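Student: Taken in sequence, the protein lines are chains A and B. Under our numbering, residues 1 to 297 are what the first sequence spells out, in order. Under our numbering, residues 1 to 315 are what the second sequence spells out, in order.
Quick caveat, the hints were computed from the structure, so don't treat them as lab data. Computed from a predicted model, the values in this text were never measured in an experiment. Glycine included, every Cβ here is placed at the ideal spot set by N, Cα and C. Treat the hints with care, as some may be off.
Stated by the list, open to error - Straight-line distance between alpha carbons at most 30 Å, and here's what the computed DSS-like set of lysine-lysine pairs gives:
(1) B:Lys-57 x A:Lys-115
(2) B:Lys-290 x B:Lys-121
(3) B:Lys-120 x A:Lys-284
(4) A:Lys-180 x B:Lys-25
(5) A:Lys-284 x B:Lys-228
(6) A:Lys-284 x B:Lys-121
(7) B:Lys-23 x A:Lys-115
(8) B:Lys-260 x A:Lys-115
(9) A:Lys-180 x B:Lys-16
(10) B:Lys-23 x A:Lys-180
(11) A:Lys-115 x B:Lys-11
(12) B:Lys-228 x B:Lys-290
(13) B:Lys-121 x B:Lys-25
(14) B:Lys-290 x B:Lys-306
(15) A:Lys-82 x A:Lys-142
(16) B:Lys-228 x A:Lys-288
(17) A:Lys-115 x B:Lys-59
(18) B:Lys-290 x A:Lys-142
(19) B:Lys-16 x A:Lys-288
(20) B:Lys-121 x A:Lys-142
(21) B:Lys-57 x A:Lys-226
(22) A:Lys-288 x B:Lys-121
(23) A:Lys-115 x B:Lys-25
(24) A:Lys-142 x B:Lys-59
(25) B:Lys-121 x A:Lys-226
Unchecked claim - Pairwise CB distance ranges, derived in the manner of DEER restraints:
(26) A:Pro-196 x B:Tyr-43: 50 to 60 Å
(27) A:Met-32 x B:Ile-259: 49 to 59 Å
(28) B:Asp-201 x A:Thr-146: 46 to 56 Å
(29) A:Leu-195 x B:Ile-210: 43 to 53 Å
(30) B:Trp-220 x A:Arg-70: 34 to 44 Å
(31) B:Phe-29 x A:Met-32: 48 to 58 Å
(32) B:Ile-259 x A:Val-90: 15 to 25 Å
(33) A:Leu-181 x B:Ala-39: 29 to 39 Å
(34) A:Val-90 x B:Lys-228: 40 to 50 Å
(35) B:Gly-229 x A:Leu-52: 32 to 42 Å
(36) B:Ser-169 x A:Phe-119: 30 to 40 Å
(37) B:Phe-29 x A:Pro-196: 20 to 30 Å
(38) A:Met-32 x B:Ser-169: 15 to 25 Å
Listed below are the residues making up each chain.
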Amino acid sequence: MNTTAKKSGNPNNQFEALDGFILAVLLLLAAMIILPFISVIATSFATQKEYLEAKLLLFPRAPTIDNYYRLFQDPRIWVGYKTTIIFLLVGLPVNMFLTTSLAYGLSRPQFPGRKFFFFAILTTMMFNGGIVPMYLLMMQIKLTNTIWAVILASAVNSFYMIIMRTYLSNLPESLMESAKLDGASEWRILFQIVLPLSMPIIATIILFYGVDRWNEWFNPMIFIRKNDIVALQLVLRNIVIESRLTETMSISGPYEPSFQDGMKMCAVIVTMLPVMCLFPFLQKYFVKGVLIGAIKA
Amino acid sequence: MTVSENEVGIKGRFAKLGRNIFKNKECYFLIAPGVIWYAIFAYIPLFGLTLAFKTYKAKLGIFGSPWVGLENYVYVFRDQAFMQSIFRSLQLNAGRLLFAFPFPVFLALIINEVRLGSSKKILQSVFTFPHFLSWIIVASIMTNVLGMTGLLNSLIGMFGAEPVSFLGSTSFFQPMIYLTENWKSAGWSAIIYMAAIAGIDTEQYEAAVIDGATRLHRIWYITLPGIKGTATVLFILAVGNIMTAGFDQVFNLSNPATIKVAETLDMYIYRVTFQSAADFSFSTAVSLFKSVVNFILLFSADRIAKILGGSGLIS
Chain A
1 MNTTAKKSGN PNNQFEALDG FILAVLLLLA AMIILPFISV IATSFATQKE
51 YLEAKLLLFP RAPTIDNYYR LFQDPRIWVG YKTTIIFLLV GLPVNMFLTT
101 SLAYGLSRPQ FPGRKFFFFA ILTTMMFNGG IVPMYLLMMQ IKLTNTIWAV
151 ILASAVNSFY MIIMRTYLSN LPESLMESAK LDGASEWRIL FQIVLPLSMP
201 IIATIILFYG VDRWNEWFNP MIFIRKNDIV ALQLVLRNIV IESRLTETMS
251 ISGPYEPSFQ DGMKMCAVIV TMLPVMCLFP FLQKYFVKGV LIGAIKA
Chain B
1 MTVSENEVGI KGRFAKLGRN IFKNKECYFL IAPGVIWYAI FAYIPLFGLT
51 LAFKTYKAKL GIFGSPWVGL ENYVYVFRDQ AFMQSIFRSL QLNAGRLLFA
101 FPFPVFLALI INEVRLGSSK KILQSVFTFP HFLSWIIVAS IMTNVLGMTG
151 LLNSLIGMFG AEPVSFLGST SFFQPMIYLT ENWKSAGWSA IIYMAAIAGI
201 DTEQYEAAVI DGATRLHRIW YITLPGIKGT ATVLFILAVG NIMTAGFDQV
251 FNLSNPATIK VAETLDMYIY RVTFQSAADF SFSTAVSLFK SVVNFILLFS
301 ADRIAKILGG SGLIS
């Protein structure tokens, strides 16, 4: 991509104006993305007094961690963290086992029915039953109100599986052939030859699934209605979005116990913090994944 | 060819197939867990769509419930809210094609043109990051930014204008959807276009420079045609999604004040399924209708793209 920029760049004065214009537009757009985050962070550290008085709050003069302290006294946030971490710890291995074995199996050269299975999977990407039959199925096999409904409902993502299969089918076939001649089983080839060679794509897919599990909210909302299993995202939704109604009532009341807006923004921060901290280091893997997928499409 | 010869041929073919399957038995063990998952959690719900033509009885389950033909659809099409939700979905997502689809192309073009070296990577990180947040997080951030005392109203206030209720007003709802969609996803979608640009043959640019083409000429005559194929595929997919796109977004950004203009088809399905007295056959009937319309749209967009000379999606 850098070479493209170099080759279309031209040290001609005529284009300096265009360069300046492009840079200005890009910086403006970047500011539009960054400012909301700064505003959220500032609000989370601000006192109610400053929040109400400041004309434009981007840096609190007297930062306080009171809002965080109050947030962590709310048991819901702990339930949310616990639930989402369980989703990750249980769901991610399930995701990876099913996706890898299926992708590797389907990447093997001609075996009878290979095309049929692949086509059957592609079909589900275009047609799916939607949420109602899925919900009724979960109810019938008695998985509702357990974490298994959520974990099984999103155990395989067809798109990620196809990305992985594309990568695996491009590995040199001769490696697998010679291992086979030495008498290695397909499972052994998968674990001892294919997986070590596929670490880049496995890292990418783990990240995709990891972000999906972390951000999971619709399935948990539908399948689980228990107060001790609530996904972190739903806790955030509870605190920020669903409380708007009750908030208007409490403001009209005479006594305001804590700075609600500040606490809400604390909830936003603690929900996105893991993604925010890891993202800069992992970005290249995400990009790699989408590029393999794009080539396929 | 006699009958007996033919039978031998068939038998031989079966024997060969059997040997072939046996030889590859490990491949079947490999795909078995995944295939079983698809059978249970993709194909059973898919066949569960037959519920659209049944009346759901909890005791009998999806497959035991009695058939009622098109009765559910009589009720579906009688529901005013259903017809309005279709109209709203079409309107909102047509707007999305107009206001949110082209922006990543623009972003990819200008990121590609900028001469910044390594700080380009930082810019790209900034643009792609919001994609990895859930719509719940983005909607929560937006309550802070677009709220009555939020960032945007503070800025407006500095120019002496009255604060505007961006989140609570029905007339701001659609623009707000397009704006937040671009805020969250444009940077990520731009990556695909940037990959397409990187794939364009550099000789074309060099030849153009020699011929005296300006930078804008090169963008217009080389870069844009170079990403036309990618854009077509993404456009076809977007058209195929025109009835469903954006449930997560609308669900989290709407509120009681804007629900009048926010009830898209998916929001309607959610409401009739999980909020009022649940009628599962009714909502399945609506879902099936939605899937069929989506498929027809996808298929037509693909045909039209081919007629117009582009490459389609379905071969």
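Student: If a hint holds in the structure, say so; if it doesn't, say that too.
Tutor: Outcome of the hint check:
A distance of roughly 38 Å separates the Cα atoms of B:Lys-57 and A:Lys-115; the hinted pair therefore is violated under the 30 Å criterion. Our distance criterion of 30 Å between C-alpha atoms is broken by B:Lys-290 and B:Lys-121, whose separation comes to about 41 Å. Taking the CA atoms of B:Lys-120 and A:Lys-284, the gap is about 14 Å. The hint holds against a cut of 30 Å. As the CA atoms of A:Lys-180 and B:Lys-25 are separated by approximately 14 Å, the hinted pair is consistent with the 30 Å bound.
The hinted pair formed by A:Lys-284 and B:Lys-228 meets the criterion: a straight-line CA distance of about 25 Å does not exceed 30 Å. A distance of roughly 10 Å separates the Cα atoms of A:Lys-284 and B:Lys-121; the hinted pair therefore holds under the 30 Å criterion. For the given pair, B:Lys-23 sits about 17 Å from A:Lys-115 by alpha-carbon distance, which is consistent with the 30 Å threshold. Distance restraint check for B:Lys-260 and A:Lys-115: the Cα-Cα separation of roughly 47 Å exceeds the 30 Å cut-off, and the hinted pair is therefore not satisfied.
Between the alpha carbons of A:Lys-180 and B:Lys-16 the distance comes to roughly 21 Å, so the proposed pair stays at or under 30 Å and holds. The straight-line distance between the Cα atoms of B:Lys-23 and A:Lys-180 is roughly 12 Å, inside the 30 Å bound, and the hint therefore holds. For the hint linking A:Lys-115 to B:Lys-11, the alpha-carbon distance of about 23 Å falls within 30 Å, and the restraint holds. For the hint linking B:Lys-228 to B:Lys-290, the alpha-carbon distance of about 29 Å falls within 30 Å, and the restraint holds.
Using a Cα cut-off of 30 Å, the hinted pair B:Lys-121 and B:Lys-25 is violated, with the two alpha carbons roughly 47 Å apart. Of the supplied pair hints, the one linking B:Lys-290 and B:Lys-306 holds, its CA atoms being roughly 24 Å apart against a limit of 30 Å. Between A:Lys-82 and A:Lys-142 the alpha-carbon distance is near 23 Å, which keeps this suggested pair within the 30 Å criterion. For the proposed pair B:Lys-228 and A:Lys-288, the alpha carbon gap of about 22 Å is at most 30 Å, so the pair holds.
Annotation: proposed proximity of A:Lys-115 to B:Lys-59 is violated, straight-line Cα distance about 38 Å (limit 30 Å). Between the alpha carbons of B:Lys-290 and A:Lys-142 the distance comes to roughly 28 Å, so the proposed pair stays at or under 30 Å and holds. A C-alpha spacing of about 41 Å is found between B:Lys-16 and A:Lys-288, which places the hinted pair above 30 Å, so the restraint is violated. Restraint check for B:Lys-121 and A:Lys-142: not satisfied, since their Cα atoms lie roughly 48 Å apart, outside the 30 Å limit.
Using a Cα cut-off of 30 Å, the hinted pair B:Lys-57 and A:Lys-226 holds, with the two alpha carbons roughly 25 Å apart. Between A:Lys-288 and B:Lys-121, the direct Cα distance comes to roughly 14 Å. Compliance with the 30 Å bound is thereby established for this hinted pair. At roughly 16 Å between alpha-carbon atoms, A:Lys-115 and B:Lys-25 fall within 30 Å of each other, so this suggested pair holds. Pair hint A:Lys-142 plus B:Lys-59 holds up; C-alpha atoms about 14 Å apart against a cutoff of 30 Å.
Restraint check for B:Lys-121 and A:Lys-226: not satisfied, since their Cα atoms lie roughly 44 Å apart, outside the 30 Å limit. The hinted range of 50 to 60 Å is not satisfied by A:Pro-196 and B:Tyr-43, whose Cβ atoms lie roughly 34 Å apart. Take A:Met-32 and B:Ile-259: their Cβ atoms lie about 27 Å apart, and the range 49 to 59 Å is violated. At roughly 55 Å, the beta carbons of B:Asp-201 and A:Thr-146 sit within the given window of 46 to 56 Å.
Evaluation of the 43 to 53 Å hint for A:Leu-195 and B:Ile-210 yields a pass: the beta carbon distance comes to about 49 Å. The hinted range of 34 to 44 Å is not satisfied by B:Trp-220 and A:Arg-70, whose Cβ atoms lie roughly 56 Å apart. Look at B:Phe-29 against A:Met-32: about 52 Å separates their beta carbons, and that is inside 48 to 58 Å. Take B:Ile-259 and A:Val-90: their Cβ atoms lie about 36 Å apart, and the range 15 to 25 Å is violated.
The supplied range of 29 to 39 Å is met by A:Leu-181 and B:Ala-39, whose beta-carbon atoms lie about 34 Å from each other. Separated by about 44 Å at the C-beta atoms, A:Val-90 and B:Lys-228 satisfy the suggested range of 40 to 50 Å. Distance hint for B:Gly-229 and A:Leu-52: a CB-CB separation of about 53 Å, inconsistent with the stated range 32 to 42 Å. Hint check: B:Ser-169 to A:Phe-119, Cβ distance near 48 Å, so the stated range 30 to 40 Å is violated.
Taking the beta carbon of each, B:Phe-29 and A:Pro-196 are about 21 Å apart, inside 20 to 30 Å as hinted. Between A:Met-32 and B:Ser-169 the C-beta distance comes to about 21 Å, which sits within the given range of 15 to 25 Å.
Of the numbered hints given earlier, the model fails hints 1, 2, 8, 13, 17, 19, 20, 25, 26, 27, 30, 32, 35, 36; all others are met.
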